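Given these sequences and hints, build the entire structure.
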Amino acid sequence: MKRQRIRSNLDRNSDIYKTNRESLLAQLEELNKLLAAARAGGGEKYVTRHHQRGKLLPRERIELLLDQDAPFLELSPVAAAGTEYQVGASGVGGIGVVAGVECMVSANDPTVRGGSINPYTLKKTLRGLEICRKNRLPLIFCVESGGADLPRQSEIFVPGGAVFKELTQLSAMGIPTIALVFGNSTAGGAYNPAMCDYAVFVKGRAKVFLGGPPLVKMATGEDANDEELGGAEMHARISGLADELAVDEYDAIRIGRKIMANLNWKKLGPPPSDDVEEPVYDPEELLGLAPADLKIPVDVREVLARIVDGSRFDEFKPNYGTSLVTGWASIHGFPVGILANQQGILFSEESQKATQFIQLANRNDVSLLFIQNVTGYMVGKKYEQQGIIKHGAMMINAVSNSTVPHITLQIGASYGAGNYGMCGRAYDPRFLFTWPNAKTAVMGPQQLAGVLSLVQRAKAEAAGKPFDEEADKATRMFVENQIEQESLAVFNSARLYDDGIIDPRDSRTVLGIALSACHSAEVRGTRNFGVFRM
Amino acid sequence: MEKILIANRGEIARRIMRTCREMGISTVAVFSEPDRNALFVREADQAVALGGTAPNESYLRIDAVIEAAQRTGADAIHPGYGFLAENAEFAAACRDAGVKLIGPSPEAIAAMGSKIEAKKIVSDAGVPVLPSVVYTGQPLDALLDELADQPFPLLIKASAGGGGRGMRIVREKSELSAAIQAAQSEAAGAFGDDTLFVEPYVESPRHIEFQIFGDEHGNIVHLFERECSIQRRHQKIVEEAPSTALNDALRAEMGQAAVRAAEAIRYVNAGTVEFLLTPDRRFYFLEVNTRLQVEHPVTECITGLDLVRLQILVARGEPLPDDVRNATIGGHAIEVRLYAENPLQGFAPSTGTLHRFRIPGESGVRIEAGFTDGDEISPYYDSMLAKVIAHGPTREEAARRLARVLAAAQLHGPTTNRDLLVRLLRHPDFLSGETDTHFLERFPPEQLGRSLLDDAGLKLHAAAAALAQQARRRATTNVLRHVPSGWRNNPSRLQQTTFQVDDETIEVGYRLDREGLTLEIDGLSSENVRLLQCTPTEVELELDGISRLYEVHEVDDTVYVDSSLGSCVLKTVPRFPSPEDELAKGSLVAPLPGVINEVRVEVGHAVQAGDVLIVIESMKMLHEVAAPDAGVVTALHVEPASHVEAGAVLAVISDEEPET
Numbered sequence: 001m002k003r004q005r006i007r008s009n010l011d012r013n014s015d016i017y018k019t020n021r022e023s024l025l026a027q028l029e030e031l032n033k034l035l036a037a038a039r040a041g042g043g044e045k046y047v048t049r050h051h052q053r054g055k056l057l058p059r060e061r062i063e064l065l066l067d068q069d070a071p072f073l074e075l076s077p078v079a080a081a082g083t084e085y086q087v088g089a090s091g092v093g094g095i096g097v098v099a100g101v102e103c104m105v106s107a108n109d110p111t112v113r114g115g116s117i118n119p120y121t122l123k124k125t126l127r128g129l130e131i132c133r134k135n136r137l138p139l140i141f142c143v144e145s146g147g148a149d150l151p152r153q154s155e156i157f158v159p160g161g162a163v164f165k166e167l168t169q170l171s172a173m174g175i176p177t178i179a180l181v182f183g184n185s186t187a188g189g190a191y192n193p194a195m196c197d198y199a200v201f202v203k204g205r206a207k208v209f210l211g212g213p214p215l216v217k218m219a220t221g222e223d224a225n226d227e228e229l230g231g232a233e234m235h236a237r238i239s240g241l242a243d244e245l246a247v248d249e250y251d252a253i254r255i256g257r258k259i260m261a262n263l264n265w266k267k268l269g270p271p272p273s274d275d276v277e278e279p280v281y282d283p284e285e286l287l288g289l290a291p292a293d294l295k296i297p298v299d300v301r302e303v304l305a306r307i308v309d310g311s312r313f314d315e316f317k318p319n320y321g322t323s324l325v326t327g328w329a330s331i332h333g334f335p336v337g338i339l340a341n342q343q344g345i346l347f348s349e350e351s352q353k354a355t356q357f358i359q360l361a362n363r364n365d366v367s368l369l370f371i372q373n374v375t376g377y378m379v380g381k382k383y384e385q386q387g388i389i390k391h392g393a394m395m396i397n398a399v400s401n402s403t404v405p406h407i408t409l410q411i412g413a414s415y416g417a418g419n420y421g422m423c424g425r426a427y428d429p430r431f432l433f434t435w436p437n438a439k440t441a442v443m444g445p446q447q448l449a450g451v452l453s454l455v456q457r458a459k460a461e462a463a464g465k466p467f468d469e470e471a472d473k474a475t476r477m478f479v480e481n482q483i484e485q486e487s488l489a490v491f492n493s494a495r496l497y498d499d500g501i502i503d504p505r506d507s508r509t510v511l512g513i514a515l516s517a518c519h520s521a522e523v524r525g526t527r528n529f530g531v532f533r534m
Numbered sequence: 001m002e003k004i005l006i007a008n009r010g011e012i013a014r015r016i017m018r019t020c021r022e023m024g025i026s027t028v029a030v031f032s033e034p035d036r037n038a039l040f041v042r043e044a045d046q047a048v049a050l051g052g053t054a055p056n057e058s059y060l061r062i063d064a065v066i067e068a069a070q071r072t073g074a075d076a077i078h079p080g081y082g083f084l085a086e087n088a089e090f091a092a093a094c095r096d097a098g099v100k101l102i103g104p105s106p107e108a109i110a111a112m113g114s115k116i117e118a119k120k121i122v123s124d125a126g127v128p129v130l131p132s133v134v135y136t137g138q139p140l141d142a143l144l145d146e147l148a149d150q151p152f153p154l155l156i157k158a159s160a161g162g163g164g165r166g167m168r169i170v171r172e173k174s175e176l177s178a179a180i181q182a183a184q185s186e187a188a189g190a191f192g193d194d195t196l197f198v199e200p201y202v203e204s205p206r207h208i209e210f211q212i213f214g215d216e217h218g219n220i221v222h223l224f225e226r227e228c229s230i231q232r233r234h235q236k237i238v239e240e241a242p243s244t245a246l247n248d249a250l251r252a253e254m255g256q257a258a259v260r261a262a263e264a265i266r267y268v269n270a271g272t273v274e275f276l277l278t279p280d281r282r283f284y285f286l287e288v289n290t291r292l293q294v295e296h297p298v299t300e301c302i303t304g305l306d307l308v309r310l311q312i313l314v315a316r317g318e319p320l321p322d323d324v325r326n327a328t329i330g331g332h333a334i335e336v337r338l339y340a341e342n343p344l345q346g347f348a349p350s351t352g353t354l355h356r357f358r359i360p361g362e363s364g365v366r367i368e369a370g371f372t373d374g375d376e377i378s379p380y381y382d383s384m385l386a387k388v389i390a391h392g393p394t395r396e397e398a399a400r401r402l403a404r405v406l407a408a409a410q411l412h413g414p415t416t417n418r419d420l421l422v423r424l425l426r427h428p429d430f431l432s433g434e435t436d437t438h439f440l441e442r443f444p445p446e447q448l449g450r451s452l453l454d455d456a457g458l459k460l461h462a463a464a465a466a467l468a469q470q471a472r473r474r475a476t477t478n479v480l481r482h483v484p485s486g487w488r489n490n491p492s493r494l495q496q497t498t499f500q501v502d503d504e505t506i507e508v509g510y511r512l513d514r515e516g517l518t519l520e521i522d523g524l525s526s527e528n529v530r531l532l533q534c535t536p537t538e539v540e541l542e543l544d545g546i547s548r549l550y551e552v553h554e555v556d557d558t559v560y561v562d563s564s565l566g567s568c569v570l571k572t573v574p575r576f577p578s579p580e581d582e583l584a585k586g587s588l589v590a591p592l593p594g595v596i597n598e599v600r601v602e603v604g605h606a607v608q609a610g611d612v613l614i615v616i617e618s619m620k621m622l623h624e625v626a627a628p629d630a631g632v633v634t635a636l637h638v639e640p641a642s643h644v645e646a647g648a649v650l651a652v653i654s655d656e657e658p659e660t
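Sequence order for the protein chains is A and B.
Note that our numbering numbers the first sequence so that position 165 is 165, with each residue one more than the last.
Note that our numbering numbers the second sequence so that position 502 is 502, with each residue one more than the last.
These are computed hints drawn from the structure, not numbers from a lab.
This one's a predicted model, so the numbers in the text were calculated from it and none came from an experiment.
Backbone N, C-alpha and C define an ideal beta-carbon position, used for all residues, glycine too.
It is possible that part of the hints are untrue.
[As the list claims (entries may be wrong)] To give an idea of the interface, some chain B residues facing chain A are shown, with a C-beta separation under 7 Å as derived from the structure:
| # | residue |
| --- | --- |
| 1 | 470 |
| 2 | 473 |
| 3 | 478 |
| 4 | 480 |
| 5 | 485 |
| 6 | 486 |
| 7 | 492 |
| 8 | 528 |
| 9 | 530 |
| 10 | 531 |
| 11 | 533 |
Have a look at this one:
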């Protein structure tokens, strides 16, 4: 039985549509500049030098690893944007298909300070490993890194140890890990290939040792060269650390693909249905739907009509708690339960509806998609007395304990506890993606500045001091500006608070890839929630 | 006559059966082992295996063919052309066995089988012949006397020969002695018989032949001429009727000569009298073919007659019908022989699987083919894939129609002479009727045989192939099948596919996204290009507002692409070179499939560049494989009589000493 088709009433000639579209296109242009900066790696000089050494760039390695024409969803491409580090955090990673296996494919970027690890690199690496673990994705990893960025070792050394733990834990869970070593992987980095199930070393290039010649000389007085201490041939023939010796980079990639092909890999989640209908409405129109001004609500059904299969959506409780739309759909053939904010605010009814819906999805073993455009849970005397905290807690309880895969898409505001109830970053969605116009903060910048101002005013009054209106205005401006900057998508994406900013028109594709990744693991709901306060 | 056994194979067997079916006559096929699943076997009402592979183990076995006729109760045998056609012994065996042979009498076959005797008979009947002297060692002056007042140049050929072996053209008396000696030794080596003919050599002759037909009631007619001047390696490749060289008077004169020749031997059934026509319109008898000719369809086209039907009627003892005696010429017909061969490599035969064989049928076009998709083209038999015949109101229309049909054919597998035929049919000299037996010497195959597809077209074909492969990969993937092809949220480079065409590589880069198709060929981006449709087998590309459909057919790593621009064969270069795939340096490979005739070296031998190491026999020709550089033979993978495929490694030559 086919689901109900959403009927669109979108007016493409409305001012809002045009403003939204214009604003979104400008934001996408900004995003594209950052993506271009990430692609440029360490810049022309280092890229040229790398090529002159007969080496491939990280993206070239990844492109060759991937099956031809298969998609690749790069994760956190603008990590570290706006920080002192290069956009991309000296590494590339994402979900792709290698020899028919959906997996995590990642690579150090040796053109950026020799591929050294900074705090953002570490965060990005750990997030990638977490995605592998949660979704049961095999990992193939192109290693060429100078190790920790030593001046920042204090932020890297202690937490960085988790990388090796994560790698071996993946292995323990039966999730294959493959390291292709193209260059330096020394000192701590030497454990990278060692912790993996498979290690392929490129002849004459891979260099894997705990201590290099100077350190060995200092420590024991022994004279030894790079090749003796950690060359690919030595590891392939003597130490056994390398499983295969590749004659060159292409050969290493070919061997990596061969290993993947021989994994006999089977996804544990149910496969997608085969007859996949494209949405009947044009995804291009999502640009006109993405709210440029977060104060103006968006009809989220119009958004869904441009994302879900065949624009078909069976609504659950359509007449109750109408500020939150819930219902069933499929994306790229994967069934999904959707919770989407309609008017921004969550009331008691919406919270209870969400709680019930999350429970149902867990009964049905169906993944959940949270579409956030939320300004928070309702405040005020009436709502407090009705038990909004209690009901919000029910929703947070359900979201926290639900075990089906969650994917979160931020299309507008993500303020206050609404961020939590709608499965924000701290609630461990399998994936979290953001539209360029989205904002995330404890509350809206104006509200936050206003609240601060009111508190100051009350303080002054209590102290019987005169309130400096001019100073207050300046402070409010300053705070508003700061919060605005810190709530922007790029700011959050740079800090790994999402898995990437996406072009709204790509939403369906990104969600399809993410859902398919989730289905690499078993999709199994729970009946075991916390105590629901009634 | 209720049931006819066809002692032949391929297109001619099918063509004969077609008439049999129309006449309500049952058909029996005989077949060799490789032909077990051939079309002509499947189309016959009954079929009998002859066993064996080579013709002398199968189609040439007189006893087996006659036994098959007796076992199936066939009351007649049609020999087609080649094999047992024109075999007097076979004709006699049929008579002895009481099976009617559809063709002339054993006596007529025997009489015409001897070139010397045939010439004498027809000469006596008043038909002009070129003086020919048999040379068995007499003094040269006596030889010249015998040739009377014939001027130089002279032609020397082997009496037992064919295919040009032992042939010499002598332009001056001083060359005669050396040429005779050389021809004698070549003839002795090739045929074991050093008897030679010496006759006047005619420059720029045309080959004109007359179709004749006789019945048992003494009627003999001719059904006009065919011109078959255009030949490669002394084999006809283009045949047409009527000839542009004949006017009505000459046609009548030559036709009467042909009938006189036939009457001289009381010829019954279909035959062909061949003449040489000089540029000044003198004609000389060459020989009589006592069979249905390969090129008989052009006569059928212009006369509207079914020659096979007439053969059967005559064999039944019926007189030639009135419409034969009153036949007239209607329009113009041209036939080409489509061969599996490579004109750019000396017409070397090409074998292998015919993955797709589609010649578009159009009105005014007749296709006589023995093969279908998936058939194997074996080295054991003639490499003709099909005859394609176009009939039109004028010669030019027939030629253009034929060229178009050939150009649009999908011929996937062995290399063919298609492009040469198309260029030939469109050639101004051909269209103006300037045809003689030296046409392919004036316009060599390197020029006529080159691909119809130009370089720009080839690149578009490569792009279409890459896009079709893309569609195929997306359609067959197990994961993320519905996600857009090659989707990237941070695109860094195009999808890359590399093809190889002969020694040239073509790199295609492409991306499909919401902006449409981005295409780069050999690093150059193609502007104004749009992808209108793309499936694993069909790609529609628009360039500057003009769209074109490309049909793509993948067979393993080979991609065949056909479009209105032409056709090409691309080899997909693997993304990752596999170390095992690369040929050892210094490998000598078989240039064509065949049987090893001779191995002149052993492992460890030192060789010089140009030394012939191995001789391969393929399609009755000997091909020498020489060392490209000096070195030492380090490996030898073949021995005499072993069968090799094209590209097989025969030997490896190293510039180092072999390990001992």
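| request: Hints the structure violates: just list their numbers, smallest first. | output: 8, 9, 10, 11
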